[in-house]
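Colleague: If you read the sequences in order, they're chains A and B.
Just so you know, we're using the working numbering here: the first sequence kicks off at 1 and counts up by one.
Just so you know, we're using the working numbering here: the second sequence kicks off at 1 and counts up by one.
These are computed hints drawn from the structure, not numbers from a lab.
The model shown is predicted, which means the values in this text are computed figures rather than measured ones.
The C-beta atom is built at its ideal place from N, Cα and C for all residues, glycine as well.
Please note that a few of the clues may not be correct.
Claimed, not checked - Result set (DSSO-like, lysine-lysine): computed pairs, CA atoms no more than 30 Å apart in a straight line: (1) 659/B / 69/A; (2) 69/A / 619/B; (3) 571/B / 95/A; (4) 68/A / 606/B; (5) 659/B / 669/B; (6) 606/B / 619/B; (7) 839/B / 68/A; (8) 23/A / 68/A; (9) 69/A / 11/A; (10) 95/A / 669/B.
Unchecked claim - Some, not all, of what chain A presents toward chain B, calculated at C-beta under 10 Å: (11) 38; (12) 39; (13) 55; (14) 56; (15) 60; (16) 62; (17) 88; (18) 91; (19) 93; (20) 106; (21) 107; (22) 108; (23) 110; (24) 112; (25) 116.
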Amino acid sequence: MKKILVVDDVKSEQKLVSDYLKKAGYIVATADGGAEALEKVKADRPDIIVTDLVMPEITGLELCRLLKKEPETADIPIIAFTTKDRNMDKVWARKQGMAAYVTKPCTSDQIIDAVRSVGV
Amino acid sequence: MGASHSHDPPKVETLFDQCFNEGIGVYSTVLSTSFLPEGYIVSNPTFSESQNWNFPDSSNPKSGRSPEKIFKLLQASTLRQRLLMLLLPTTVMPLLVASALGFLTTQRQAQTKALALLQDEGVLASDIATQFVEDEAKRIGLVGLSAEVSQGLQQANVIVAQEQLGQKTIEALEAEFADTKLLRPNPSLNQYLQSVATTEGLSEIFFTDSRGLNVAFSNPTSDFVQRDEEWWTAAQTNGFHTAVEFDDSAGVFGISFSGALINPTSGAFQGVMKLVVPAEIFDERLTALTELSLGGFQTVQLLDIRDTQEVYAFKTVDASGVNTGQNQEALGGTTITQIASILSEAVERPDASTESVQQAIQQQTNVTSLEVERRETSGNSDLSALFLHNNQYYNLTTVPGLDWVVSTSVDAATVNRAGFNLLGIFAGTTAVLGAAAIAVLIYLAQQLSTPLNTLTATAEQVTAGELDTRAQLSGTSEMKTLAHGFNQLLDRIQGLLQQQQQAADDQRIQRESLENEISVLMEEVGSAADGDLTVRAQLSAGDIGIVADLFNAIIENLRDTTIQVKESTEKVAQSLDSNEAEVRQLATQAESDVRSLQNMMMALEKMAGSIQSVADRAKQSSALTQDNYATVQVSSESMENTVASILNLRSTVAETAKKIKRLGESAQKISQAVSLIDEIALKTNLLAVNASVEASRAGELGQGFTAVAEQVGALAEQSARATKEIAQIVAAIQTETQEVVIAIETGTAQVVDSTQYVELTKQQLNNILTKSEEINALMEQISDSTVDQIQSSEAVNALMQQIADASKSRLERSMQMAQSIQETAQVSKNLQTSVESFKVETN
């Protein structure tokens, strides 16, 4: 049973993705922002992180950078889950170390495929 | 007919001209240019003046010169012009041709009709005459068969028989019946004849018996006996006779008819009845002609052919009426009377063909357009001839059973003019139709071209930028479709333009929003340029929102680096403080090093002095040595010269010795040879003498020997001469020997020279020796100085060793130290300066 941390400042989105993943049989933890996510990662290391990009204070991308900086958390695959759908957004996200990129809105299959594609 | 052709073509041309002068004058240019050979220049002055051709290159003087250019220009003309140019000729030309053909045909028909009328009138006149004559013949028959006449005739026969009048001469009879002029006056019979004359409108009527004696008359006749009259004999023989005459008894001009009175039962000749019809009666009949359509200038003449030689006209009918009179002139003169005679004569012969008649006429006259035809009507036949003579058309028709010929004539001009009045109608109709066609064509061209022109104008407006303009839907359905299509095209263009405008606006809005985003981004992270690394761009959902994160990442990285640098510089400053003591120690050591170095410098100066003197002395010795070298070189050369001289001397002497030796040997050989020769000569001479003696003894036989002896003697003498020559050679040898002596003397002189050279050498070598001694002395001094030098050097060496050892380690260390400290300090300073400009913590 893989543990997935879903980070989104919008509760509804957070819930939607959580439900998808739970249905697919994953253990899901949630965080409302980057700071909370960092704490949760430290407390209970997840196997995969699914994060929104645009969030107040610490954004998804900053979260990614912060996690990649630390050796203990650098190898956690991070999946971007965002409304930003420009090619440059995707390119930058990959450059920042994101393992996959899912554009909102998405189907259950899309997010689950992305989770599976990161190979954890 | 030929004359009519000369009138028509000019009129046609005039019509053409009228058509082409109505604004299509260019047509002639088209025709002419298209048929002209290439390069032919057509100048049409009205071309540019009459038409406003709006061609783009009309200003170019070169264009419009060659036929091709003109053709191109025509092709570029407006639709209306082209339509007119094409349609007008195709419409007007056939109209003109049809009109001309119609006119010509109609005119020809009118002429034919006029001539046919002429013939018809001739026939009609002939028929009238025939009918008239037949009527009168019947009248004679009717009257002759009446009871009164029969009784009168029977009575006359009785009287003639009773009175035996048959034997009497005409003169006697005339005299006998001069009073009454009648055989037996019979008032009732005369009354009857008078009543017949009155009712029938006859001038007179009378009859004779079979002997030509008057039986009864309506009016008294001038003669009693009629059988000498021509008409009487003609009636007796032919049964019937007509004549045109002025009846003296009747006192009127009339036509006389005389017919034989035949007994109906026996068929016997009973007498002759003559009646004279006044010309008026015949006139009334002929007036019917004038009532018919007798052409205005037509004339009908009745010709009486009494004789082939005498033909005269007795009636002339024309539009003005009928003229009756004896000896009227036949119209057309003798030619007509001639032809009338031929016809009159030929009609009597049924076998005479029309061709032979025609031939006969043509042979005797010079008429033209001759047509002869024979007509058969109810047993009668008549001949008619139609011909042109002196610009008059004549038609001569014979009157059946009579020597009359009807001549109808009309002026050729009148015939030719027939149908000319139609020309006006045709021309008028053609003009009206042509005008109508042109008007219709112009209207059609207008109809066709106007919508196009309107559309073109609209297109030009649109081209000028008035895109709201729309084409009017007018003209033909195609034009409407075209206009509709054009409008739709415009709609689409406008739509596209609006879309383009919309797209441009969208793009502008997008660009503005992008600019705004960039402005916000610049606002947010702009301070980073001044070193404030605490700034942070807001990651927005906008287009370039992600760039904000890029900046954030860069700034974060920069901030981390700056913090590291700040920490590092602080550490460097600390370590510099701790190294201060060490640096001071190094300075002290450097001071002592300086002192040691000063001592070393003094020692080195001293050493330098010693070395200087050594150097000077060495310089001197060097100079001396150089002199020595030169001297030795010179002496060496002298010695070489000496050796060479001696060698020369030696070889000279050796050669001389050889020569003397060879000379000695030669002399010896010569002396041997001379003695031998002398001996031989002596003996020979002796032999010769002996031989001569012996020869003389032998006498004559010895004479040969004597000769031999003499020869031998001569030989002996020759030998003696040879010996003398040899003596001379010996003398030469002696001279040579003298030369040898001189050579030896020379050798001796050379030897003396050599001796002198050797002496010189010796002296020079002595010099060398002396100088060598001086060198020796100098060298001793040098060696003394060198001892000092060695000592100084050793001291210096020791000192140097000390300094070297001491400073090597310290100097190197201090140098490195100082350098690194200096560098570190500088780097630290720079770093601090740079890093201080960055702000990494929010206050």
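Colleague: Work down the list of hints and note, for each, if the structure agrees.
Modeller: Okay, the hints, checked on the actual structure:
no. : hint          : verdict
1   : 659/B / 69/A  : 124 Å, violated
2   : 69/A / 619/B  : 82 Å, violated
3   : 571/B / 95/A  : 35 Å, violated
4   : 68/A / 606/B  : 76 Å, violated
5   : 659/B / 669/B : 15 Å, holds
6   : 606/B / 619/B : 20 Å, holds
7   : 839/B / 68/A  : 25 Å, holds
8   : 23/A / 68/A   : 29 Å, holds
9   : 69/A / 11/A   : 28 Å, holds
10  : 95/A / 669/B  : 133 Å, violated
11  : 38            : 15 Å, violated
12  : 39            : 20 Å, violated
13  : 55            : 8 Å, holds
14  : 56            : 9 Å, holds
15  : 60            : 8 Å, holds
16  : 62            : 7 Å, holds
17  : 88            : 6 Å, holds
18  : 91            : 9 Å, holds
19  : 93            : 8 Å, holds
20  : 106           : 17 Å, violated
21  : 107           : 21 Å, violated
22  : 108           : 24 Å, violated
23  : 110           : 20 Å, violated
24  : 112           : 25 Å, violated
25  : 116           : 26 Å, violated
Of the numbered hints given earlier, the model fails hints 1, 2, 3, 4, 10, 11, 12, 20, 21, 22, 23, 24 and 25; all others are met.
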